[in-house]
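**Q** Each chain is listed here by its residues.
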Amino acid sequence: MALAESFAGVLEAARVGAEWAWRALYADTAPDLLRYARASRAPDPEDVVGETFLRAVRGLGSFEGDERGFRAWLFTLARNRIVDDHRKLVRRRTEPLPVEVLAEIGPHADAETEAMRALAEDRVRSILDRLTPDQRDVLLLRILGGLTIEEVVTVVRKKPGAVKALQARGLAAIRDEIELGAVTL
Amino acid sequence: MSESDVPSLEMSGSMGPDDGFERLLRGETPKTPEEQALGLFLQDVGGAFQAEPSLEEEAHIAAIVRMPTTRARTRTTRTTDSDGVCR
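Those protein sequence lines, which keep their order, are chains A and B. Residue numbers 1 to 185, in the working numbering, belong to the letters of the first sequence in order. Residue numbers 1 to 87, in the working numbering, belong to the letters of the second sequence in order.
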């Protein structure tokens, strides 16, 4: 939460279309939204972030709240888009992308850094894949989104007890996997 | 209802706040080896997924702000023709 006390001023400026204000909001939240989209296996994570901000620009007039509320709202918009994408993927036959498109959207970091990150991603996914989609969603919103239980309740539109149960079962599964030595510590 | 009808987590009453997890999310030091292991996993989750949006995407956001009522063109997979129809 980098904006803190300046958030109200930034939000007011964003409401009247100040580009600097949107850049500040983007810089503050886009990396976490992007991590969440990637971890949620969104087909096009960067497009999720772009679409989230497009919807935020259009819908800011109806938003009321503080910085935490704004952050939860953005994660709600991102999650809605990811859920839509997953539904479309199930309905649509997937076709392989041309090589030149893959090259354009592929990783751009140097090979060693990318290899290390890919290893870490595999390790984390091997654990997260043991969770149910709802457990994973709740925990990713808490870990990567930095949202509280109450904020996750608003994002996933479930009852507080259900979210707490999903978190508890997800954490129990993760602890079991850690205990089994599935994570390289 | 027998005990076997009730999920173990509800039986144990562990649906309340998970103090260790909450502490780790606040960036506090783990208190037990179990918490330390979970903390390392949380660090792995944070580092495993690339977090830097591309510069192209940031420029895209600037364009969105300048043209809030126009459907923005998506980066790589679709193009928009002159009447704003995504293809």
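Since the hints were derived computationally from the structure, they do not count as laboratory data. Each hint should be verified, as a subset may be incorrect.
[To be verified] From the structure, some residues in chain B lie toward chain A, with a derived Cβ separation under 10 Å:
1. D18
2. G20
3. E28
4. P30
5. L40
6. F41
7. G46
8. A48
9. Q50
10. A51
11. H60
[Unchecked claim] Pair by pair, the computed Cβ-Cβ distance ranges are:
12. B:E22 / A:R157: 14 to 24 Å
13. B:L25 / A:G69: 40 to 50 Å
14. B:E34 / A:L119: 37 to 47 Å
Since we're looking at a predicted model, the values are computed, not measured. Quick reminder that beta carbons are idealized off the backbone N, C-alpha and C, glycines included.
**Q** Hints first: check each against the structure and report whether it holds.
**A** Hints, verified against the model:
| no. | hint | verdict |
| --- | --- | --- |
| 1 | D18 | holds (6 Å) |
| 2 | G20 | holds (9 Å) |
| 3 | E28 | violated (15 Å) |
| 4 | P30 | violated (12 Å) |
| 5 | L40 | holds (5 Å) |
| 6 | F41 | holds (6 Å) |
| 7 | G46 | holds (7 Å) |
| 8 | A48 | holds (4 Å) |
| 9 | Q50 | holds (6 Å) |
| 10 | A51 | holds (4 Å) |
| 11 | H60 | holds (5 Å) |
| 12 | B:E22 / A:R157: 14 to 24 Å | holds (23 Å) |
| 13 | B:L25 / A:G69: 40 to 50 Å | violated (19 Å) |
| 14 | B:E34 / A:L119: 37 to 47 Å | violated (24 Å) |
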